[in-house]
Each structure stands twice: as C-alpha cells, then as structure tokens.
Amino acid sequence: MIRRMRMFLLIAVMMGGMTALAQTHLRIAWYNDGNEGQVMQDLLNKFEAQNPDITVTLDTVSYAQGIQQSLPLQLASGQGPDLARVTDLGGLEKYYLDLTPYLKDPSYWETNFGPFLDWMRPAGSKAIPGYMTQLTVTGPFVNKTLFDQAGIPLPQGDTTWEQWADVSRKVAKATGTPFAMAMDRSGHRFAGPAVSMGAKFFDAQGKPKIDDPGFRKMAQLLVQWNKDGTMDPSIWIGTSGQYAAGNQDFINGQIVFYMSGSWQISQFASKIGNAFDWVAVPNPCGPAACTGMPGGAALVALKETKHPEAVAKLMEFLTQPDNLAEFYARTLFIPGSLSLAKQGIDFQTDNQFAKAALQTFSSQVPKLAPLAYKLQAYKYNTTYFNAIRDRLTQVMVGELTMDQAVQRIQQDIDEQLKAAGSSN
Amino acid sequence: MRAESDPGGARRALSVARRAPGRAVQGLFNVLMNALDFVMAPIQRAIGVKRMPWVFLLPNLAIFGIFVLFPMLLNFYYAFTGGTNLFPQNRPFVGTSNFQRIFNCGNFLQPSTCQEDTFWRAVHNAFIFVPAQLIALVLFALITAMVLNRTFRFRGFFRSVFFYPVLLSPVVVALIWKWILQREGLLNAFIQMLGGHKVLFLLNAHWAMFWVVFTTTWATMGFYTLILLAGLQSIPAELYEAGAIDGAGAWQSFRYVTLPLLMPTLLVVLVLALIRAVQLFDEVFAFTGGGPGTATTFIVQYIYNTAFATQIRRFGLAAAASVLLGVVLLMLTLVQLWAGRRSDAT
Chain R
1 MIRRMRMFLL
11 IAVMMGGMTA
21 LAQTHLRIAW
31 YNDGNEGQVM
41 QDLLNKFEAQ
51 NPDITVTLDT
61 VSYAQGIQQS
71 LPLQLASGQG
81 PDLARVTDLG
91 GLEKYYLDLT
101 PYLKDPSYWE
111 TNFGPFLDWM
121 RPAGSKAIPG
131 YMTQLTVTGP
141 FVNKTLFDQA
151 GIPLPQGDTT
161 WEQWADVSRK
171 VAKATGTPFA
181 MAMDRSGHRF
191 AGPAVSMGAK
201 FFDAQGKPKI
211 DDPGFRKMAQ
221 LLVQWNKDGT
231 MDPSIWIGTS
241 GQYAAGNQDF
251 INGQIVFYMS
261 GSWQISQFAS
271 KIGNAFDWVA
281 VPNPCGPAAC
291 TGMPGGAALV
301 ALKETKHPEA
311 VAKLMEFLTQ
321 PDNLAEFYAR
331 TLFIPGSLSL
341 AKQGIDFQTD
351 NQFAKAALQT
361 FSSQVPKLAP
371 LAYKLQAYKY
381 NTTYFNAIRD
391 RLTQVMVGEL
401 TMDQAVQRIQ
411 QDIDEQLKAA
421 GSSN
Chain G
1 MRAESDPGGA
11 RRALSVARRA
21 PGRAVQGLFN
31 VLMNALDFVM
41 APIQRAIGVK
51 RMPWVFLLPN
61 LAIFGIFVLF
71 PMLLNFYYAF
81 TGGTNLFPQN
91 RPFVGTSNFQ
101 RIFNCGNFLQ
111 PSTCQEDTFW
121 RAVHNAFIFV
131 PAQLIALVLF
141 ALITAMVLNR
151 TFRFRGFFRS
161 VFFYPVLLSP
171 VVVALIWKWI
181 LQREGLLNAF
191 IQMLGGHKVL
201 FLLNAHWAMF
211 WVVFTTTWAT
221 MGFYTLILLA
231 GLQSIPAELY
241 EAGAIDGAGA
251 WQSFRYVTLP
261 LLMPTLLVVL
271 VLALIRAVQL
281 FDEVFAFTGG
291 GPGTATTFIV
301 QYIYNTAFAT
311 QIRRFGLAAA
321 ASVLLGVVLL
331 MLTLVQLWAG
341 RRSDAT
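Same order as they appear, the protein sequences are chains R and G.
Its first residue numbered 1, the first sequence is counted upward by one per residue in our numbering.
Its first residue numbered 1, the second sequence is counted upward by one per residue in our numbering.
Since the hints were made in silico from the structure, they are not lab data.
From the three backbone atoms N, C-alpha and C, an ideal C-beta is built for every residue, glycine too.
Pairs of lysine to aspartate or glutamate, EDC-like flavour, derived with a Cα cap of 20 Å:
1. R:Lys-173 / R:Asp-148
2. R:Lys-303 / R:Glu-93
3. R:Lys-418 / G:Asp-117
4. G:Lys-178 / R:Asp-249
5. G:Lys-198 / R:Asp-228
6. R:Lys-46 / R:Glu-316
7. G:Lys-198 / R:Asp-249
8. R:Lys-144 / R:Asp-277
9. R:Lys-170 / R:Asp-148
10. R:Lys-126 / R:Asp-98
11. R:Lys-355 / R:Asp-277
12. R:Lys-170 / R:Asp-158
13. G:Lys-178 / G:Glu-283
14. R:Lys-306 / R:Glu-48
15. R:Lys-173 / G:Glu-184
Listed next, with one range per pair, are the computed distances between beta-carbon atoms:
16. R:Ser-70 / G:Val-327: 26 to 36 Å
17. R:Gly-206 / G:Trp-179: 44 to 54 Å
18. G:Asp-37 / R:Gln-38: 52 to 62 Å
19. R:Pro-287 / G:Lys-198: 33 to 43 Å
20. R:Ser-77 / G:Met-72: 10 to 20 Å
Could you build the full structure based on these sequences and the hints that come with them?
Okay, here's the thing in structure tokens:
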C-alpha cells in the first residue's frame, strides 16, 4: 500500500514538473497613463483562457524611471522582458524582434500599421516589431468652467500662443486660479509649438540644427512664462533631469490652460468627473503653423525573448480587430490601426468632455506639420528633447543665458550622437 | 492538594520545565556543531590548522570580491573606454579622453566655461553643501549630545526621539519633507494661517540648498549624536568636579575639559559625516531631483544622469567621474583611518 502511494506521489510530482516545463511564461514591461493596464489585463486573461500553455505577466512600472531609464539598460544587458510598451520607438530599434517569420499574415500588419511601423524600424527595413497601443497628438486642454466664471469667451479659430497666454492670464486673475498655463516638462511637448513658431530642427543636409529664430522665439516665451508666473514653475523648474507632467494640477483646477496631449483624456474623464467642464482646443498657432507633435506608444516584441512563437501568438491575438477595437474603445486612445481609424471607434464613455476631446485631437491629425512627423520619426529625437528640456530649465533659473543654452543644446546633441557613432 | 502533599516534587517539576527550552537550544547547538565539524574536520586535515582562517574568511572575501572589488576594477576600465555599448568587450579604448573632457575648462570657478559644465556645477554645489552640512551637523549633534548627557526626566525617551529619523529610509525622509515644503504643503499652510504668502521653497536655488542641508542634517544627526554621547560619557566626572573646585564655569569646563577629551571622537564624526556628504545622492534625488535647474545636483547624481538617464548613455564619462570621486573618497577614508587610530590611542 505504502509502495503504491509512493509511486503515485512520484508520478504526480513528475507530471507536475512536466506541466511546468511545458508552460511558456511571457513578461510585458508596461506603464499606465490611464486605465489601459486594466484593459490590457482583461485581454491577457482572455488570451490565457484560449492558450492554457502560455501565461503572461504584466509588469507595471513608472514611465520615467521604469520605461525611459531602466528598460534600455535591461535590454542592453540582454536581461529584458519578452515585450514592452515603449515611446522611444526609434531609439530602441536594435532590441526589437522582427515578428515577420512568426506571423501568419504579415501583410495584415503592413496594411494596418504600415506608416507607424516605420517609426520603429531603420529606414528601408520591412521588419515588424510591434503595433501602436495608441497614437497621440500633443495639444492643450482648457478649464472651461474658469472661462465661464470669468465671463471671458473661449478663443475661437486660429489663436496664437501669445493670445492664449493673454486670455489665460485674464481668466486666472479673474478667478483667483494660481496659474494661467502649464506645459509638461518634455522636449516633445515643446517641439510642436516651436515648429509652429518656425523652428526647423534640421539643416539642409538633414543634420541636427537647433539655432534658428523660430526655436529661439518659442524658447524665449517658455522661459518668460515660467519666470513671470504665467506658467506653473513647479513643473519645469521644480524637476530636474526627467519628465514631469502637469496633469495633477489641471485635475485640481489649479491651471487654466494645460499643454499636454491626447493620452490624458481617459484620466481626465475618470478623475475630473463633474468637478468642472474641460475641453481640448486646437493647437495654438505661430507664424509657421498651428501644429502639435504626433507620437504614441507601441507594444514591441523584444529580441532576447526565448519564446518568439508565443510572443507572435500573443501579438496576433492582441491585434485582432475585435481586441484592438475593445482596447482603443475602453482606453479612449486614438487608434493606431488604419482600418479601425477609418471604420471609427465606438469609444466607451458617457463623458461628453472626453468624447469632444477625442474629436478635437482626431481633427488635429491632418493639421500636423510634416516637420513634426519628421522629428517624431528621427531615431535620436529623445536626445533632442532631453537636451532642450534640461538646458531651457537652466535658463529659467538663471544658470545659463539663452545664447549659452542654445549653444549647449547643440553641443549636447552633437556629442551624444558622436558617442553613439551616428553622423546625423 | 498534591502540591501540599509533595511540595518538593512540584518544585523539581517546575525547575525541569524552566530548564527545558535551554536544553532544547543547547541540543540544537550541539547538532549544528557536529554537522559543521563533519564538514570542517576533513578540510582541516587536508590544509592544516594554520590555513583554516582562510576558509572562514573565504565567504566574506568572495562577496567583497564579487560585489565591491570586481565592480571597482570594471569601473576603472570603463573610464578609459568610449561608445555607448554596455559590455566591456564591445567598448573601444579611448585612453584618457574622458578625463580630458572633464578637465577641459576655461575657468574652473565658472562651470559654464567647462566642456562638461554639469559636472563642475555638481562640484560647486558640493563645495557649498559639504561645509554647510558639516558645520550644521556637528554643531547640532554636539549640542544635542551635551543636553542628552545631563540627567533629566524622560532622558531615555528623548534619546530615542533624536535617533528615530536615522531609522527612516532616505526616500521616506525626502518624501516627508517634500510634502511639508511643496507649494500646497504643510509649511505653506501654516504660513498662510499666520497671514503670510506662500513661499516656493523648492523652486528657488538658495532655499532648495538650505532645505537640502536642513533635511540631511535632520535625518542623520541622531547617529552622530549617539557617537558623541558615548564620547561624552567616557569623560570621567572627577575632572569636572576638580574643575568646579578650581572655580571653572560652564564655558571653561566645556572649553578645557569636554572639548579636548572629546576631540578624537569629534574628529571621527567629522570625517564620517564628510564622506557621507560627498557621496550624497538618494535623499536629494527623491527630494529635489537635483533642481531647481542644477542647484542641488551633486556628483553622484551627475554620474547617474550621464550613465542612465539619457537616451545615449555615456558609461565611460560617468565611470571617469566615478574614479575622480573615488580618489576623493579614498583620501577622506585615509584621514578617517588616521583619526580612528588617533582616537584609539587616546
């Protein structure tokens, strides 16, 4: 009897071990702007139910420290996850897995995600590393209730940055709001307004070039607004060396005009609720354009994975039209799939402000300047953005003059590109 | 009833019961020692008694070698390499160019004239922070230790209170003070309650530096107070009594008895605090992030930013800055050893 029991136990342990060996486990490095982690988890649960041999863990980390700082180091050391949600689309391209050999229908990916795949792969390459979990457009949000309380109408039509600053200051003064404006502490957020002012960012040979009147004009305005109290200084001046968002201050009604982007919609819909009326407004204008920046986040497969087939299977599941539609509808993200964008998404929100904001940002897409797309597709754009962010902050606190800052930004970009072995 | 009829038996039973846990521990200890002997005896036979200390040192030496010595040597090698690859075998040798870059400066007193201006801003900040924090720390720790050395009610409680911040994680300390000092923080609420205006404490370079000195002093003072308290308690009371008989006042007692006898301890405290101040990173990173601008960026944060917080990571440059910091710390450690020996000698 005892012998039989021992045999039974041994077989059970061996079978358990074999099941564990047969199980494929995937990890995704993920960050959240709003509710997308929950929506993704629901889809992963569905995937696991359909594929009992694969389990997936969603590792949610902070955007600034987790995705921007730690993930590239993990990838460089060959210890990264199987998949990751990233925004430095071109900068990390050497770590991406080309899914093409593992996909049942690569043409589906080219048809639906083609233009955005170019952001993730070297020029001329046909690799398929992933798909956009969201397309983003930078642009401003306005606390409309404050305008109503001040009795000042919202500007209509093409409105310049200076005009928005003037009117926001008036509203802030009339309503006792601490700050008229805020902008996320990000070179990417600054880039759209700079292009509107006429910044070129590249010379005739396509090499990085910062110093031009358009760039200086927007840089000067940003510095001035941070110095004179028009903008909330805690965002740019109060942070150093990393990204900072002004969303909490906007949610708390501390800001009239907030320059951020479409990814904030879901969060505003859930956190602001009925506290006040908020609207997204078209990008303010400069002499050259009225543009924001395109951008977005992509879920990419990573080269170091030991389970490329399982990763491809998961990617195919997530990009099925129904699943993609569910993801975009519930997260209130602008779809990164051309067919779904054409077909339209039935966004799952009763919040009228969120619906109107989605409409506003969608209408901005055709108005984005070609230079904004070029800058977004540039592999080392993050080097631009970080140098601009940190050096302009030094001007705000008086450590550098504008001339010195412009010179330093150019130097930072050139030296870092040289270190990376890139000629442009 | 039984106890009354056999009181001696009950006492014996109680005594056996009391000794039972002790015997269990002793038994366990014996089993462990026998097991250890089972492993060690053959080793000792093989290598001899004289070489046995190496066997006991080996685990610690291995940990030290893997986690301290090897990274140090690797860092030294990185300092002479360039490019952005992580693995040393993929990094080109560039000689001393990383060091040359750091020292390429028009005027060391004006960081904006230096090629690596942020490094020199960090050095300048350290030259302000380190003396300020050292003076504040030693002064307040000494005063607190002297107060706590006196006999008064709840002395034990107050000794714990002053030591309590030392137990907190630096990040927790930073967050607590950030909440107090931010625009909508506790201190501004208090200022407004008194009719004042909000002060943007962490957005002004001078205020930010002041608060960094204040919070780091607050957080570490307890540790140094404890060391100084031990030093004060080792001064014989007879010396004060003799001084009092000779007519010495409080100041004279302090000047001619306390200070000379406490000097070796004070020197150790000074050097320990100096090393810690030069290495400062985590608290400030969580507290001000190095801002506003670069007003509270120190050398370790410069190293971190250069190696990890940019899109194109310059590990070689960061490693070169680490080597320079290492040289400074080495010199300070030698001073500490000298101070320690002097303290032991007295």
